[in-house]
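The sequence shown stops at residue 945 when you use our numbering, and every number in between is there.
Bear in mind the hints are in silico, worked out from the structure with no lab data behind them.
A few of these clues could be false.
[Said to hold, decoys possible] Derived BS3-like pairs: lysine-lysine, alpha-carbon spacing no greater than 30 Å straight-line:
hint, residue 1, residue 2
1, K430, K878
2, K366, K311
3, K878, K278
4, K755, K736
5, K592, K612
6, K241, K125
7, K736, K834
8, K366, K473
9, K612, K544
10, K834, K878
11, K111, K827
12, K278, K473
13, K430, K241
14, K755, K401
15, K827, K738
16, K278, K706
17, K559, K592
18, K706, K736
19, K241, K218
20, K398, K827
21, K366, K278
22, K278, K311
23, K398, K738
[Said to hold, decoys possible] Pairwise CB distance ranges, derived in the manner of DEER restraints:
hint, residue 1, residue 2, range
24, R232, D298, 40 to 50 Å
25, R641, K755, 48 to 58 Å
26, M443, K755, 20 to 30 Å
27, E794, M314, 40 to 50 Å
28, R384, F573, 23 to 33 Å
29, F573, V797, 54 to 64 Å
30, E882, D770, 26 to 36 Å
31, H650, M443, 27 to 37 Å
32, R384, L208, 12 to 22 Å
33, W264, G396, 23 to 33 Å
34, Q773, E793, 14 to 24 Å
35, I379, T620, 29 to 39 Å
Ideal Cβ placement from N, Cα and C applies to all residues, glycine included.
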Amino acid sequence: MTRFNSISEHPCSYGHLLPSSSNTGMPPQGAEAGGHPIVGIDRPTKKLLRWLTPQEETCKSLRVMSIVGPAGMGKTTLALELRMRLTSCQTSRGHHYFQCNVMAQGSRRADRNELLLRDILSQISDPAPARASEKSQSMPFELLVLRVSECLKDKRYFILIDDMYIRRESDWDNIKGAFPDDNLGSRILMTTRFPSIAWLCCSDSGGLVHVMKPLNEIDSERLLLLKAFGSVDVSLPENVKLFADKILMRCEGIPLFISVMADCMKQQLQHQQHQQQEEAEDEEHQGIGIYSEEQVPRLPKQIEQALASTFDDIPYELRSLSLYMSMFPYGYKFDKDRPIMKWLCEDLTDDWDEWRNVEDADAEKYFSQLVDRNVITMVAESYKSNQDKAEACHWHVNHFMQQFLASKSAETGFAFTSATLNLGAASATGHGNKTRIRRRLAVHDQDHPCLPSPFGTIDLSQTRSLAVSGAVSSIPLNKFNLVVLDLEGWDNLKDEDLLQVCSSKMFFLQYLSVRNTRVSKLPDEIKELCSLMVLDLRGTMIRQLSKQIVGLASTLRALLLGSEGMINPIIEPATRVPHDVQHLHRLSTLATIDLSEHSASFVEALGAMANLRVLAITWSFHQCSDGSYREALLSSIRMLKGLKSLTIHCGFGCSMEFLGVLADPPQGLEKFKVTAGRFASIPRWISELKFLSFVQITICRQGTDDLQVLRHLDNLECLVLGLDFILEEAIVIESEGFPALQRFSVDCPVPWLTFRAGAMRKLTYLQLKLCACLASSQTSVPSGISSLQSLTEVALCYNVRYTDSPNVKATVKATREEVAEHDNQVDLFINGVQYYDVQPADEETESAIRTQTGIDVEIKDDVQATDVETMRTTTEIPDQ
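Model the full assembly from the supplied sequences, consistent with the hints where possible.
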């Protein structure tokens, strides 16, 4: 029996994940597992039906719902299930509730708007002769809108638009004119990959945006077991379970990925069993095929197609930025500024003028577009490890997307990882080009702990970007002439390596990161890096910044020190900076600088750094009580006219009330964050900051107009509010105000909040942190949570010692009831544990619809069919 040595010979390209033990103990395999129920959409289906289901007395106006999420999330599966149940609704006379029932497909073509309306018109108009049908093909768009509107007039209709795609806001304005609102209870349901499209189409109709979430751990495992073994009631041996866990970790709850990988797992296990049966007597050859690290595992075809369609949607100017994401290690979590700074240093964006600041550059807009296109995704909040994640600022690239981008980068010669370097060499040889330039290299130990063989023969002097992390060794840093050098997390980086970098005449080096490494000294030779713009020393053992740093005054734009949050001098001593750091007059970012050992004159001198856009400082208790320090900080803030982000990490118990008298604050401020320090009330000058999008503040007494200061901030997206007192009356959140708020965290002994109908229309995340104390009444509990129409997550946090406290029990009970009443699927987390039994089936909705069971629905990549009956009779429902 031939032993497998290359991936291409495997029935699935992920055989290397399988255990090599000769005894898998795999449950018996059937040919195909049939009759699988739909996994993970029962709860959202029931909740969304309550919003969509027409009522005889209410909800008569036209309603629009958008289901949004990346490819493979099951959007179309959910939409078809909703359609099937909705269209089975009957009136009291036994007739179908909807008189028109249409399913249309979106398109990426230039004439997509016309195609969509022609598709709808063909299903709702009377059958016409062939010539009339041909005539409609040349019908102008305005006439199409009129014809569709006439056909739908005075009818109760349901329209499903799958894979909705528009390029401009005006496109939807034109299309929606075809859908009359005759107050008959009509519904439009659409799926899309783009959040911007989903919100646009629902913005003017009181619509609902349902964001598809990854399957939770339980449903992910159920889907994998059903697909691979035909039952959830199987007991897997330890080695197979480890294999399954690795698959689930990489799939991140995305149904398409789980389904495809489960099929691969089944094929590999069947192949392994077959091989073991034939080679039972040959101990040396038992086990699964060997995975060659020198090759990149090919993605299964269905996953590759889904990711290719996402990549093909990316505009040309974003392609390079997308490919650049393959330079990060698998599973790496990053904040927004890290890729943006690297893009700018490599000049991958079209236009940026002398690095005025990161926020003003087009790079930030491009980052948002990559998020909108699901190339970059927000990291799922880990409530178990950190319950205080109101400020969602970490991102990552899905494992399969990153693998796809790495392959694309190698094909085009844009960038190479240690796993694709040999492929690049083979490709170059195949084209007769043995000197193909590797402009960008990423070497991470998860790809290849030892350097690949071609590494020593490559002309490294032509490489302009290098990223190294993990336990990689023997990197010849002296052979490079780099623009970007990212050594974050490199376990083997030593002080002498950093000295070598600074002494190696890298005259073009603009970005240098030694973050989270063991280096302990910044050499004086740092001044030799005469083009350096970004220096990241966070998380290192460097305790004293060299005075020679001032030699970079003409180039340095970002100096990153310390760590996240308040510096604890006992656990992690701060990096001391020389007094002359104030002369780095071109700095736009300075974070986080410890002011505890600096004079008041130094604090005041920071105000002379006119180019500062981002400033983060630590502020000690003794500085709060010293008038000269308070005046110095006020003076600095007033002088920093261009400041966009101000973070102050205070000592516990610090009174920051003196900031309340700040006159003429920076008008462009977008982020104001104060940790541990307290205010008597919300400073009134905050209401003047029209661009403010993030606020974290703690107040210590209840005022009547504190929220009035914040509610009219049109751009406020995240509010972290500490209330260091016991509420004597409810805080009422009115329907007006907070037009852009998406995340709201309240830290209060008794979170007595009342949300009026229509309040915080865009709020998706609500966190309530409480403690045990005597509430003023039994009604001192949150209410109106069910009226937060965009809400998807609620988190309750309290010390487990107070579980039996009356006010804690009352708050938990009230919150569970509010979540159960919500129209949307809302995930409830209590102290990091998700509760799945909060939302029971809605009996009224269930009585109005026909329940379908025992249908095997699988998730595919693209929707091709347009007839719902055809799609329901097949065993697979494709998704976009």
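Q.
Taking the earlier hints as the rules, which of them does this structure contradict?
A. 1, 16, 25, 32
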